[in-house]
Amino acid sequence: MTGRLSPRFTTPLLALLVLGLFLLPWIAGRYPVYLAMQILILAVFSLGFNLLFGYTGLLSFGQAGFFAVGAYGSAKILLAVPNLILGIAGGVAAAGVAAFLLGILSVRHTRIYFSMLTLAFGMMIYSLAWKWRDFTGGDDGLVGVPRAPIDIPGLLSISVAAQDRYYYVVLVLSLLAIAAMYRLVRSPLGLTLQAIRDSEIRTEFAGVPVRKYRLVAFTIAGVYAGLAGALLAPLENTVTPPIAHWTMSAEPVLATLIGGIHTFGGPIVGAFLFFVIKDIIVRYTEYWLIWFGVIVVALVMGFPSGIMSIFAQRPK
Amino acid sequence: MTELLRIERAAKRFGEFVAVDGVTLTLPAGRLTAIIGPNGAGKTTLINLVTGAFLPDSGVMHFKSEAITHLAAHQRVHRGLSRSFQIINIFARLSVLENILIPVLSRRRRTAVSFHVAQRETDAIAEARQILREIGLGGKENVPAGALSHGDQRLLELGIAVGPAPELCFLDEPSSGLTPVERSTVLELIRKFSAERRTTFVIVEHDMDVVFSLADWIVVMNRGQVLAEGPPAEIRENRAVREVYLGEDL
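Protein sequences appear in the order of chains B and D. For this note's numbering, count along the first sequence from 1 and bump the result up by 1099. For this note's numbering, count along the second sequence from 1 and bump the result up by 397.
Worth flagging that the hints you see were computed from the coordinates, not collected in a lab. Hints are supplied without guarantee of correctness; some may be wrong.
With the Cβ distance kept under 8 angstroms, some of the chain D side facing chain B (calculated, not the full set) [stated by the list, open to error]:
#, residue
1, R507
2, E518
3, T519
A few chain B positions that, by computed beta-carbon distances, are all more than 10 angstroms from chain D [what the hints assert, rightly or not]:
#, residue
4, P1287
5, A1294
6, G1306
Computed spacing ranges between beta-carbons, pair by pair [what the hints assert, rightly or not]:
#, chain 1, residue 1, chain 2, residue 2, range
7, D, A509, B, S1226, 34 to 40 angstroms
8, D, A544, B, S1226, 43 to 49 angstroms
9, D, T423, B, F1410, 55 to 61 angstroms
10, B, V1396, D, G437, 42 to 48 angstroms
11, D, H467, B, H1208, 17 to 23 angstroms
12, B, P1106, D, R530, 26 to 32 angstroms
13, B, I1203, D, E634, 53 to 59 angstroms
14, D, R476, B, F1410, 43 to 49 angstroms
We put the beta carbon where it would ideally sit given N, CA and C, even for glycine.
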């Protein structure tokens, strides 16, 4: 792909950024650390979404469904078995299975039909969260989700109940997810997904079973949404149905559009801007969504390819 | 000559319109065939049936004696069938090299690899670079394909079509929209690939100069049926063909 930053510029910048993130609890108060976790979780969520949208050409409006499956899955396990590894792994696995099963039906279609199907499936999960009271707690949700210790019986048990400690769990898992996605999009599989985005017919006639590859991308995006949801549940100590609503699906869409769909870092930068802009506006008005919308429109009109396009190299 | 493709009574209709009407055709290996006919004769639909873009309403197709009638398009590519498109169909945002790399990786069953970067697929990259050199785009491998000129995009599409190393390759109007110089380059490449890569080409063309200078065998279609087939000299003298092309100099 075109639009890559020079490694001479990015490598030291990224090293500084990662160092800064690891030092954050030492140099900042509770709120910036909490905000950083929200940003990291949205960044992971958005990266998965952009694998579908920016790399494969499939616009999903239902990713919040998998986010919620991850969050509820993690919460249910943590409420039953206080082990953070099990909780997060279970949430991710549940979201991956849900994405795979719904993906089988969704990836048979493309363009608006795919988008509408994913919206419908996402809202079905939202309805389940409301109505399946015995499992989800209905409108009360699941409360008291613990930040359980990282526990490997007989080997180690690390408490992460304090926010600063849980921050490192979110940070390490997010960085691992970002690194894995970076490797994936630059691999032959990532290249093939980009080919599908450019021309699914040409890709099929190059010998690629396009529908299977779309299902792979959809499942991976679901896993990323699930990881984001699974990390959120212990952070907020509660999970409620609105996290499955389509407006939640809009968050990775907005973050990705703000940051840029054709650069790897776009969704991460977009997630940062999403929370920073929102955080600034809510200090001045309760009608933050209106002003947020105005700013997003201005950003998208000013930078149609996202903020990261400023740094993109021009094609030679 | 060894039989490569056999089409028996293939038919396809779209509503009331009969696009292909009981076509029976045999294509041997090594013979460069041109399919000609007026607009709506069913040429492109026939290619779509053979390459798997559409399933036929009736009829059967065998490629190297294997029934391929119900195989998916990508499965036919792995059997040795490839194609280009009437309207240029390339990966516009990918680089020129990456455009060729996709079919090469596909043939090597490497498209699902996710544990290392694509740049480490050195054998596939070397093969893709070789194809780029052959089609004359070796100096433009990092250019986004969408930024190429129309002529270069046609060349690139030819490169993508030969990327899977096909035994049988259908080219749908390969010289469409090209300048005379570009057209002769494409024709030369088809001859070269035909001889050196042992690919059997079937071209669909409207330009009779291209058809008669390139083809060993010509199939004439009209109203979804095969009107005539034979060597160029025979087709040129065929009265029925002349009537279909009334006013055109064959």
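| message | Tell me the numbers of any earlier hints that the structure contravenes, in ascending order. | response | 3, 4, 5, 6
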